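Undergrad: Here is what each chain is made of, one letter per residue.
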Amino acid sequence: MLEVRGLVKRFGGFRAVNNVSFSVDQGEILGLIGPNGSGKSTIFNMLSGTLTPTAGSIVFDGHEIAGLAPHRIINRGIGRTFQIPRPFRRLSRFENVALAGFYGQGRHSRAKAEEAAERALAMVGLPTDRRATVDGLGAAGLKKLELAKALATGPKLLLADESLGGLDETEMEQAADMLRRIRDDLGITIIWVEHIMGVLMRVVDRVMVLDHGEKISEGLPSAVAADPRVIEVYLGTDAETTQAAAAEARRRAGG
Amino acid sequence: MKGRLAAGIAGLAALIALPFVYRDPYHLHILVLILIWSFAYTSWSIMGRFGLVSLGHGGFMGIGAYVTALLWNHLGLSPWIGIPLSMAAAGALALVVGYPCFRFRITGHYFVLVTLALSGIVLQVVTATRDYTGGSLGYTPNRTRGSGLLALQFDDKTTWYLIALAVWVGGLLIWHWIDRSMSRYALEAISEDEDAAAAAGINVTAEKLKITLISALMTALAGAIYCQYQMFIAPDVVSGIAVSLQMVFAAIVGGLYVSFGPTVGAIITILLAETLRIGFGTQAVGWDNLVYGVLLVLFIIFLPKGILGSLLERVKLQRKPSPAA
Chain A
560 MLEVRGLVKR FGGFRAVNNV SFSVDQGEIL GLIGPNGSGK STIFNMLSGT
610 LTPTAGSIVF DGHEIAGLAP HRIINRGIGR TFQIPRPFRR LSRFENVALA
660 GFYGQGRHSR AKAEEAAERA LAMVGLPTDR RATVDGLGAA GLKKLELAKA
710 LATGPKLLLA DESLGGLDET EMEQAADMLR RIRDDLGITI IWVEHIMGVL
760 MRVVDRVMVL DHGEKISEGL PSAVAADPRV IEVYLGTDAE TTQAAAAEAR
810 RRAGG
Chain B
21 MKGRLAAGIA GLAALIALPF VYRDPYHLHI LVLILIWSFA YTSWSIMGRF
71 GLVSLGHGGF MGIGAYVTAL LWNHLGLSPW IGIPLSMAAA GALALVVGYP
121 CFRFRITGHY FVLVTLALSG IVLQVVTATR DYTGGSLGYT PNRTRGSGLL
171 ALQFDDKTTW YLIALAVWVG GLLIWHWIDR SMSRYALEAI SEDEDAAAAA
221 GINVTAEKLK ITLISALMTA LAGAIYCQYQ MFIAPDVVSG IAVSLQMVFA
271 AIVGGLYVSF GPTVGAIITI LLAETLRIGF GTQAVGWDNL VYGVLLVLFI
321 IFLPKGILGS LLERVKLQRK PSPAA
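The listed protein sequences correspond, in order, to chains A and B. The first sequence begins at 560 in our numbering and counts up by one. The second sequence begins at 21 in our numbering and counts up by one.
The set of hints was computed from the structure by calculation and includes no laboratory data. Incorrect hints may appear among the rest.
Unchecked claim - Derived pair list, reagent style DSS-like, types lysine-lysine, alpha-carbon separation capped at 30 Å:
#	chain 1	residue 1	chain 2	residue 2
1	B	LYS336	B	LYS22
2	B	LYS230	A	LYS671
3	B	LYS22	A	LYS671
4	B	LYS325	B	LYS230
5	B	LYS336	B	LYS325
6	A	LYS671	A	LYS715
Said to hold, decoys possible - Output of the computed footprint for chain A on chain B, the stretches with three or more beta carbons under 8 Å from beta carbons of chain A:
#	region
7	198–209
8	330–339
These numbers were taken from a predicted model, which means no experiment stands behind them. Backbone N, C-alpha and C fix where the C-beta goes; we use that ideal spot for every residue, glycine too.
All chains should be built: construct the whole structure from the sequences, respecting the hints.
TA: In structure tokens:
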């Protein structure tokens with residue numbers, strides 16, 4: 560459903576993303592990992608229209624979307640969350656989500672938007688109380704709200720940007736399960752960008768690894784975790800996580 | 021909700037009946053001015069409340085006034101046609117200035133500076149084309165020898181009072197219509213975080229242009245109505261930076277986030293200007309602007325929600341039994 564070919568983003572002389580190609584199939588969860596500054600977020604920002612690619616093509620559902628304005632891309636069915644949740648604090652939680660439901664789905668009707676908001680809030684496990692404020696939410700709650708906003712736009716493809724940062728172990732597991740439920744129950748295809756490899760490896764169908772703006776590995780979690788290039792990139796900084804993830808992936812592949 | 025509607029209708033009925041009961045021309049004159057300026061300030065606040073602080077509205081008001089008067093004097097075009105044309109001109113200018121600002125993310129202080137230039141330019145144009153506009157000496161629409169209705173010229177204050185009242189009520193209705201629309205949420209979101217708003221599917225540029233256009237059209241109407249009522253306009257009264265600042269001041273002092281805030285602001289500014297004029301005469305010319313400036317700074321620091329906004333908030337808090345008590 561998504562075909563990315565030769566994607567390049569230059570900031571001045573710096574190539575943040577250098578000739579990256581990949582594709583995502585309908586109903587798949589693709590994990591996108593890599594160390595800080597490897598170009599994950601830059602790719603996300605190009606997919607969602609926040610940044611315009613320097614070169615390359617992004618074809619979604621048979622249409623070229625590279626360089627379209629963010630709201631057009633949302634209306635075509637690509638929703639996104641931000642790495643750091645960005646709620647609108649002057650609106651209530653419900654209004655935050657209803658707003659995304661209204662504008663994300665082409666401004667049809669307010670009643671429909673409110674229905675979408677209720678469904679999205681229920682999906683992420685937040686109360687659908689209409690007057691609750693954003694200020695009452697903690698880190699996990701804000702992540703859920705961020706996800707509900709993206710779901711309310713009615714995406715076919717969800718771009719989830721490092722949605723587990725700042726959560727504790729249990730919350731992380733819950734959030735990972737939620738992404739899988741979103742795919743299983745709603746049939747939404749997901750690209751998931753994450754630092755924390757362990758949990759990601761357990762949930763995704765396929766992983767793509769970036770380093771210095773280039774794709775260095777791609778494949779099943781078990782294969783990628785065993786890839787010497789990936790281990791090298793993560794070694795020293797994150798070796799234990801990588802090994803744990805590899806073990807986890809092997810266990811999963813075996814069972 | 022029903023009680024509020026009933027109170028609103030009763031209040032409106034009382035306001036309509038007023039000039040038939042109370043006929044002091046000076047007081048009616050002050051009321052007409054308050055209503056016209058309230059409408060102008062409401063027009064400004066329609067975009068100002070979303071953090072789109074414009075110092076260009078003096079320009080829109082000037083276009084409303086001058087285009088209407090010039091079309092009447094030179095082409096004999098009735099204000100009934102001239103006013104829509106002047107509004108269209110102000111709207112077109114708003115789009116020409118607004119589009120690049122919004123498209124290229126000129127926000128906050130930079131947006132204020134761009135709009136400040138807009139007021140300045142309209143003032144300069146009026147002054148520079150003094151052969152047509154009378155320059156800084158001011159300009160007077162020709163008195164009609166025919167129908168007062170066609171020329172939108174009326175001698176009696178009651179008619180003007182009712183016209184100004186209608187326009188003012190119209191402004192409040194538009195304020196409420198926007199307040200209840202989905203656009204209001206979108207604009208609140210945009211004023212907080214443009215990227216996140218775009219990620220919610222909002223066309224940020226289009227939403228900002230829409231509200232700017234509505235605001236500019238209304239402000240031009242205010243200028244045209246002012247011109248028709250006073251039958252005299254001068255650049256420093258209906259256009260330029262001083263007028264823009266006065267709008268910002270009145271809207272902020274009255275309260276930006278409540279519908280009657282700009283009206284409270286108008287009552288304060290006009291009573292202040294009149295008091296200074298009567299008390300100090302020509303010695304006090306320009307003092308009102310000085311007082312505005314000082315008060316504006318004090319309000320932004322100590323009472324950012326304005327007089328009415330803060331009062332209403334206090335009433336709301338008292339009504340709600342506090343859980344901590």
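Undergrad: Confirm or reject each hint.
TA: Evaluation of the provided hints:
no.: 1; hint: B/LYS336 / B/LYS22; verdict: holds (18 Å)
no.: 2; hint: B/LYS230 / A/LYS671; verdict: holds (23 Å)
no.: 3; hint: B/LYS22 / A/LYS671; verdict: holds (27 Å)
no.: 4; hint: B/LYS325 / B/LYS230; verdict: holds (25 Å)
no.: 5; hint: B/LYS336 / B/LYS325; verdict: holds (14 Å)
no.: 6; hint: A/LYS671 / A/LYS715; verdict: holds (18 Å)
no.: 7; hint: 198–209; verdict: holds (count 5)
no.: 8; hint: 330–339; verdict: violated (count 0)
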